[in-house]
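Quick note on numbering: the sequence shown equals residues 1 to 73 in the numbering used here.
Derived from the structure by calculation, the hints contain no laboratory data.
Please note that a few of the clues may not be correct.
As the list claims (entries may be wrong) - Simulated crosslink set (SDA-like; lysine to any residue; CA at most 20 Å straight-line):
#1 Lys4 to Lys23
#2 Lys4 to Asn41
#3 Lys64 to Gly32
#4 Lys4 to Thr48
#5 Lys13 to Ile38
#6 Lys47 to Phe15
#7 Lys57 to Arg20
#8 Lys40 to Arg20
Predicted model, so just to flag it, every value in this text is computed and none were measured.
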Amino acid sequence: MNKKDFENLEVGKSFQVGYREYKVMETEEIFGCEGCCIDKNICEFLKTENIIPYCSKEIREDKKDVIFVGGFE
Numbered sequence: 001m002n003k004k005d006f007e008n009l010e011v012g013k014s015f016q017v018g019y020r021e022y023k024v025m026e027t028e029e030i031f032g033c034e035g036c037c038i039d040k041n042i043c044e045f046l047k048t049e050n051i052i053p054y055c056s057k058e059i060r061e062d063k064k065d066v067i068f069v070g071g072f073e
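Work out the full structure, taking the sequences as your base and the hints as a guide.
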């Protein structure tokens, strides 16, 4: 997978951070972070380091707001 594909990982796809797996899910929440498993205090850092995909419709190529669910072992 290349960088662009990861940054815009499709809804329904999964990715790993360390040994934890997260799934990309579309959200309709006004405040898009509601229900996301990634701590919003470190989210921007994780995106700039390409550790997690983009989540904002303003940046994503599919123009969808997404959250990440899971994080379980």
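Now the hints, each set against the structure:
| no. | hint | in the structure |
| --- | --- | --- |
| 1 | Lys4 to Lys23 | holds, 17 Å |
| 2 | Lys4 to Asn41 | violated, 24 Å |
| 3 | Lys64 to Gly32 | holds, 10 Å |
| 4 | Lys4 to Thr48 | holds, 13 Å |
| 5 | Lys13 to Ile38 | holds, 16 Å |
| 6 | Lys47 to Phe15 | holds, 13 Å |
| 7 | Lys57 to Arg20 | violated, 25 Å |
| 8 | Lys40 to Arg20 | holds, 17 Å |
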